[in-house]
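There are 2 protein chains.
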Amino acid sequence: MSIMLREIKEQPAMLEKTIRAETKKLDKIGRFLKDRDVDLIVLVARGSSDNAALFARYLLEITCGIPVSLAAPSVYTLYKSRVDLKKALVVGVSQSGEGSDINEVLRRSRKFGAFTLGITNNARSEITKTADETLLIHAGRERSVAATKTYTGQMLHFYLLANALNSNGRRLGIEKIPDYAAGALDLEPQIQTIAQRYTFMENCVVVGRGLNYGNSFELALKLMETCYVVAERFSSADFFHGPLAMIERKFPVVLFGAKGVTRKSNLNLLRRLKQLGADSFSITNDSAIERLSSVSVPLPENIEEELSPIPFVIPAQLFAAHLSAAKGLDPDKPRSLSKVTRTL
Amino acid sequence: MSIMLREIKEQPAMLEKTIRAETKKLDKIGRFLKDRDVDLIVLVARGSSDNAALFARYLLEITCGIPVSLAAPSVYTLYKSRVDLKKALVVGVSQSGEGSDINEVLRRSRKFGAFTLGITNNARSEITKTADETLLIHAGRERSVAATKTYTGQMLHFYLLANALNSNGRRLGIEKIPDYAAGALDLEPQIQTIAQRYTFMENCVVVGRGLNYGNSFELALKLMETCYVVAERFSSADFFHGPLAMIERKFPVVLFGAKGVTRKSNLNLLRRLKQLGADSFSITNDSAIERLSSVSVPLPENIEEELSPIPFVIPAQLFAAHLSAAKGLDPDKPRSLSKVTRTL
Chain A
1 MSIMLREIKE
11 QPAMLEKTIR
21 AETKKLDKIG
31 RFLKDRDVDL
41 IVLVARGSSD
51 NAALFARYLL
61 EITCGIPVSL
71 AAPSVYTLYK
81 SRVDLKKALV
91 VGVSQSGEGS
101 DINEVLRRSR
111 KFGAFTLGIT
121 NNARSEITKT
131 ADETLLIHAG
141 RERSVAATKT
151 YTGQMLHFYL
161 LANALNSNGR
171 RLGIEKIPDY
181 AAGALDLEPQ
191 IQTIAQRYTF
201 MENCVVVGRG
211 LNYGNSFELA
221 LKLMETCYVV
231 AERFSSADFF
241 HGPLAMIERK
251 FPVVLFGAKG
261 VTRKSNLNLL
271 RRLKQLGADS
281 FSITNDSAIE
291 RLSSVSVPLP
301 ENIEEELSPI
311 PFVIPAQLFA
321 AHLSAAKGLD
331 PDKPRSLSKV
341 TRTL
Chain B
1001 MSIMLREIKE
1011 QPAMLEKTIR
1021 AETKKLDKIG
1031 RFLKDRDVDL
1041 IVLVARGSSD
1051 NAALFARYLL
1061 EITCGIPVSL
1071 AAPSVYTLYK
1081 SRVDLKKALV
1091 VGVSQSGEGS
1101 DINEVLRRSR
1111 KFGAFTLGIT
1121 NNARSEITKT
1131 ADETLLIHAG
1141 RERSVAATKT
1151 YTGQMLHFYL
1161 LANALNSNGR
1171 RLGIEKIPDY
1181 AAGALDLEPQ
1191 IQTIAQRYTF
1201 MENCVVVGRG
1211 LNYGNSFELA
1221 LKLMETCYVV
1231 AERFSSADFF
1241 HGPLAMIERK
1251 FPVVLFGAKG
1261 VTRKSNLNLL
1271 RRLKQLGADS
1281 FSITNDSAIE
1291 RLSSVSVPLP
1301 ENIEEELSPI
1311 PFVIPAQLFA
1321 AHLSAAKGLD
1331 PDKPRSLSKV
1341 TRTL
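Which chain is which? The protein sequence lines are A and B, in order.
Under the working numbering, the residue at position 56 of the first sequence is numbered 56, and the numbers go up by one with no gaps.
Under the working numbering, the residue at position 190 of the second sequence is numbered 1190, and the numbers go up by one with no gaps.
Bound-form chain A, shown alone (with noise of 0.2 Å):
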């Protein structure tokens, strides 16, 4: 089994023990947050990691109702900017905790007046000692280069954030988030069926939205890495301004399909894919999104969309590592790629 492979099944465990360990902290964090009375909150990440930023800009908006900034890191680093961040929340996340760029902006911020957090699975990194607080994901080291564990623990981290901060008293009910992700690592066998139909498969285009977006971009990433796969991410309403028309060349559409606000937009897409003749294979729990697909993995209908990220990002790590080895390449080994990423 592929390094991979081991770290992907390793997340329930990894989901249940940075729950137990973080919950307090967080609760605490919270409160001394609502005190300041944050009015911004500044991601900033690359990568995996950024995908999980891109995720969270959705759940801490529709949880928290307050605005949320995917940074660029650049306007920090490079052009030197002081931007105003007074009342600002600045979260850094890196799996390895030594991302250059993101310690840069995390320094700069926190000098422009905002209170900093580090997200990240090394304790003794260098974001420890930058930020003012670190959120520990206990994940154990992760030895593949392609993140799959530390960006699922860097999402939960988000959900403990966004119950934390969350002033109307409505907790999301992330206690059931380690079950959903081992019933969706039980799956893997009709997985590993899927990933064969797409052996050849060169491009495709990956599909999300809202909650969802961020897992969208996560698996192109790891088709990417681990695959070669030239893989295109969109959200479903972006779709039809512009790549819809390269779909006639007839190469498949992945959809994160999961029931919830999202339903008819990406129905209206299945149905144009299916008038087109496009190949679609969807991460669902609709059956009405599973019948309008080529091919589909099912999850159970009763996970809620605000927790279904998590759940419905497994199988689409799994496809990447069943894809990778069906494709007769090794997962942990992509090339020209190292663990740690140094931009400046």
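The hints are simulated quantities; they were obtained by calculation from the structure and are not laboratory data.
All C-beta atoms in this analysis are idealised placements derived from N, C-alpha and C, irrespective of residue type, glycine included.
Hints may contain errors.
Simulated coverage check for chain A against chain B, where a stretch passes if three residues somewhere in it have a Cβ under 8 Å from a Cβ of chain B [stated by the list, open to error]:
{"no.": "1", "segment": "39 to 46"}
{"no.": "2", "segment": "56 to 62"}
{"no.": "3", "segment": "68 to 75"}
Each computed DSBU-like pair below joins lysine-lysine, with the alpha-carbon atoms no more than 35 Å apart [unchecked claim]:
{"no.": "4", "chain 1": "A", "residue 1": "K80", "chain 2": "B", "residue 2": "K1176"}
{"no.": "5", "chain 1": "A", "residue 1": "K129", "chain 2": "A", "residue 2": "K333"}
{"no.": "6", "chain 1": "B", "residue 1": "K1080", "chain 2": "A", "residue 2": "K24"}
{"no.": "7", "chain 1": "B", "residue 1": "K1009", "chain 2": "B", "residue 2": "K1333"}
Add chain B to chain A, keeping to what the hints say.
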């Protein structure tokens, strides 16, 4: 000549006319917004307009120091969230002025206390009735499905807004932009020759960083719409986080290489591509970048980085239009697309 090509060539006149007609209004709005003490700018758009917004996020943060967030429309339209925007300026960008979700976000954010602006090319559209103030692009009707003159018109309005909001008194030399644009058009014969070289290109990666990051998305979109090329877009910083693994497939990288703070990262990328034996095509005014590229379009050295995005995107537009012709396609008739996209 295609409609797309004709409209590309109308840009210098459009830019000049828009500067002349709109500067006063922008300055008045700027004074009003400074009194309001705006502490957040939210930009909302889709398609090409969203690429203009991506440019604007860099420009506004760099020149005004006000944090910028690119809105996720579904947070407002599908999830119906109440985002706290009391001291925010929300700018909707829509060529047609009829994008239903853009207008819905403006409506909701006005209700939540924001001041709203609409940037459009259509003085009689819905957005002009929805936003507090309209910023008009003076481009005449855009008939090509692939937006060109309205994209640079939107960028220009963000320059005018940046000047109007800037409290340090430093003015960008916006009045030089129409001449720079005219100079870029003169490069058409060279670009036409380069386009021939890529006649059989099916995939590519477009790379830009900082102020030219939005342009990389825009060129990728043009290539998808008019040439059916699967075009990935990345920041040269993110490129090392995964996508680089695909590059040994030897598909070309198109780079926006404006002289300035992104230079080092662009040179690093080109050196890495050279090691990997990949093809590169640069739009650049930096002789070092030119030397490291397989082919390049050379722009005048004296173009300042902060004014580069409009003159640099024009060769990219010309490239897409000529590549479409080289491939035997009609850039004015992209498959499956319509000019006005209504998403909710």
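Against the structure, the hints come out as follows:
1. 39 to 46: With 4 residues closer than 8 Å to chain B, the segment 39 to 46 of chain A meets the three-residue bar; holds.
2. 56 to 62: holds (count 4)
3. 68 to 75: Coverage by chain B holds for the segment 68 to 75 of chain A (7 residues, Cβ < 8 Å).
4. A:K80 with B:K1176: Within the cut-off at roughly 25 Å; holds.
5. A:K129 with A:K333: holds, 31 Å
6. B:K1080 with A:K24: holds, 30 Å
7. B:K1009 with B:K1333: Since the Cα atoms of K1009 of chain B and K1333 of chain B sit roughly 19 Å apart, the hinted pair holds (cutoff 35 Å).
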